[in-house]
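J.: Sequence:
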Amino acid sequence: MVENKSPKKALITGITGQDGSYLAELLLEKGYEVHGIIRRASTFNTARIDHLFSDPHEEGTKLFLHYGDLSDGSRLVTLLESIRPDEVYNLAAQSHVRVSFDEPEYTGNSTGLGSIRLLEAIRMVGLDCRYYQASSSEMFGATPPPQNEDTVFYPRSPYGAAKLYSYWVTRNYREGYGMFAVNGILFNHESPRRGETFVTRKITRAVARIKAGMQDELFMGNLDAVRDWGYAPEYVEAMWMMLQHDTPDDYVVSTGTDYTVRDFLQLSFEHVGLDWEKYVKFDERYLRPTEVDALVGDSSRARNALGWVPKVLTPELAQIMVDSDIKALEAEGTHYIDKVVKK
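Mind the numbering: the sequence shown is residues 1251 to 1593 in the numbering used here, read in order.
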């Protein structure tokens, strides 16, 4: 007689974000039962995962959402005790670097202390699970590239410092309590689901609007910053692969390529036949108090140990995002026309 195995359970904090939504998709495709933590608000913020929902009253539902917050340790204990996940992915954070200068205390509380609350909740419950911590290339900050797992950290923002705290407490719980806990040190990764205030999406959305005659100018800050941009759906697969490995370790995830913000502007505008210099204006309000000049990762460990290899590089990424924003604008226009006609 063949024994029916229950599906693996995964808990994702930050499930409504870019990475959380792609990770939820990936795990559902792999047959997982997926649980996500969302914060209670007066409006819904589930647009990125709405397409994944089925009727909760029907048998076979695999996606479940729970109210909670990384600032509430007792709630985390309750959720972990009731869900008993096999894998925990901590993706929740105040993740906008420039905003972290405006809200440093909140960033430290959610992005930094939130991680130790979750790790401590896992320890208190005595849960035998595998834990993924979303670490960031911003931890390297002022240290010159290429950056890998042995590179010295030098964060240059409250966000980078908070992520560094989370990185070290994850290692501490791994080494101190024998937990299967890993850090994914992800370099910049983008997609059409990236928030509109992040620089890549800000650019591609503006390109679509300028091309459609809905916008005349785009105000930008530092155009000389060098970044290693990859494709978010590929990066969440690396997260999953880390938790399937035999032993816990920390991994840089990156493409190893370098492009400036100016390069991304040029790639995006040229994709629709426009000259970016005719539309882009400088605004010092978008500068950070301390800048990070260059982040370019060396992901050799992830390639060798996990077999993870990036496929989408920055030029194709810019095209994917521009095309998506153009399509979204066209859909909005069709929807508006339909509404007018029906009236």
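You may find that some hints are simply not true.
As the list claims (entries may be wrong) - Simulated crosslink set (DSS-like; lysine-lysine; CA at most 25 Å straight-line):
#1 K1461 / K1531
#2 K1528 / K1577
#3 K1528 / K1461
#4 K1280 / K1452
#5 K1312 / K1258
#6 K1531 / K1561
#7 K1577 / K1561
#8 K1312 / K1280
#9 K1461 / K1561
#10 K1452 / K1577
#11 K1312 / K1259
#12 K1280 / K1259
#13 K1280 / K1461
#14 K1312 / K1255
#15 K1528 / K1280
#16 K1452 / K1531
#17 K1280 / K1258
Said to hold, decoys possible - Quick list of simulated restraints, FRET-style, between CB atoms:
#18 K1255 / V1476: 43 to 51 Å
#19 V1402 / L1302: 34 to 42 Å
#20 E1370 / H1316: 17 to 25 Å
#21 E1370 / G1557: 30 to 38 Å
#22 L1579 / K1255: 43 to 51 Å
#23 D1322 / N1554: 37 to 45 Å
#24 A1392 / Y1536: 37 to 45 Å
Honestly, the hints are just simulated from the structure, not real lab data.
Quick reminder that beta carbons are idealized off the backbone N, C-alpha and C, glycines included.
J.: State for each hint whether it applies.
T.: Now the hints, each set against the structure:
1. Note on K1461 and K1531: the hinted pairing holds, with a Cα-Cα distance of about 17 Å set against a maximum of 25 Å.
2. A C-alpha spacing of about 23 Å is found between K1528 and K1577, which places the hinted pair at or below 25 Å, so the restraint holds.
3. With a C-alpha separation of about 12 Å, the suggested pairing of K1528 with K1461 holds against the 25 Å cut-off.
4. At most 25 Å may separate the alpha-carbon atoms for a hinted pair to count; K1280 and K1452 exceed this at roughly 32 Å.
5. The straight-line distance between the Cα atoms of K1312 and K1258 is roughly 11 Å, inside the 25 Å bound, and the hint therefore holds.
6. For the given pair, K1531 sits about 33 Å from K1561 by alpha-carbon distance, which is inconsistent with the 25 Å threshold.
7. Between K1577 and K1561 the alpha-carbon distance is near 23 Å, which keeps this suggested pair within the 25 Å criterion.
8. Annotation: proposed proximity of K1312 to K1280 holds, straight-line Cα distance about 11 Å (limit 25 Å).
9. Between K1461 and K1561 the alpha-carbon distance is near 28 Å, which puts this suggested pair outside the 25 Å criterion.
10. Taking the CA atoms of K1452 and K1577, the gap is near 16 Å; set against the 25 Å cutoff, the hint holds.
11. Restraint check for K1312 and K1259: the C-alpha separation of about 9 Å stays at or below 25 Å, so the hint holds.
12. For the suggested pair K1280 and K1259, the alpha carbons sit about 11 Å apart, so the restraint of at most 25 Å is met.
13. Proposed proximity of K1280 and K1461 is contradicted: the alpha carbons are some 39 Å apart, above 25 Å.
14. A C-alpha spacing of about 15 Å is found between K1312 and K1255, which places the hinted pair at or below 25 Å, so the restraint holds.
15. For the hint pairing K1528 with K1280, the CA-to-CA distance comes to about 47 Å; that exceeds 25 Å, so the pair is violated.
16. For the hint pairing K1452 with K1531, the CA-to-CA distance comes to about 13 Å; that is within 25 Å, so the pair holds.
17. Simply put, K1280 and K1258 have alpha-carbon atoms about 9 Å apart, close enough for the 25 Å limit, and the pair holds.
18. A hinted range of 43 to 51 Å holds for the C-beta pair K1255 and V1476, which are about 47 Å apart.
19. For the pair V1402 and L1302, the beta carbons lie near 40 Å from each other, so the given range of 34 to 42 Å is met.
20. Distance hint check: the CB atoms of E1370 and H1316 are about 19 Å apart, consistent with the given range 17 to 25 Å.
21. Between E1370 and G1557, the C-beta spacing of about 33 Å keeps the proposed range 30 to 38 Å intact.
22. Look at L1579 against K1255: about 46 Å separates their beta carbons, and that is inside 43 to 51 Å.
23. In this structure, D1322 and N1554 meet the distance hint of 37 to 45 Å, their C-beta atoms being roughly 40 Å apart.
24. Remark: the range hint 37 to 45 Å for A1392 to Y1536 is contradicted by a beta-carbon distance near 20 Å.
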